[in-house]
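Participant: Sequence:
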Amino acid sequence: MEPECRVHRDGAAEELEPKMIKIPKSIYQAIIEHARKEAPLECCGILGGRDGTVEKAFDLSNTEKSPTRYSMSPQEQVRVFDEMDRESLDMVAIYHSHTHTIPFPSETDVKLAFYPEVASVIISLKEETPVVKAFRIKEDAIYPEEIEVI
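Each residue of the sequence shown is one higher than the one before, counting from 112 in the numbering used here.
A hint or two may mislead.
[As the list claims (entries may be wrong)] Derived pair list, reagent style DSSO-like, types lysine-lysine, alpha-carbon separation capped at 27 Å:
(1) Lys249 x Lys133
(2) Lys167 x Lys237
(3) Lys167 x Lys249
(4) Lys237 x Lys249
(5) Lys133 x Lys167
(6) Lys167 x Lys148
(7) Lys167 x Lys130
(8) Lys244 x Lys148
(9) Lys222 x Lys237
(10) Lys244 x Lys133
(11) Lys222 x Lys133
Please keep in mind that the hints were generated in silico from the structure rather than gathered at the bench.
Starting from the given sequences, assemble the full structure and let the hints guide the process.
Facilitator: Here it is as structure tokens:
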């Protein structure tokens, strides 16, 4: 994987360490199925793991019950965080679906990205075959992230 480069306003370039999320095939398929099951509403969830490798998917309820937005129940989030603590898992990514648009962060996704150190995985159901992409959403930009299905 080629390193990314960030160019600052003063013209100085900074090489960024390439990022990658590794997702077991069974979990990758499970989050796609979660998206299909919830359609036409957006789905959402958390991916827990270690060192960028996902070990567990936590499906959460979309409290917005919307085809264009999602919101996670704070109570469900606390339950997931407690379980991840017990299992010594880190939050690797937050995932959600786009039922009718491409897998790229929307303006709302960017505005509500509260964990810049955590990847945002988007499952697009726009085409017959779902497309899954990952991003790091930071204050200054959106950075694509590789997904390796293992």
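Participant: For each hint given before, does the structure comply? Return the numbers of the non-compliant ones in rising order.
Facilitator: none
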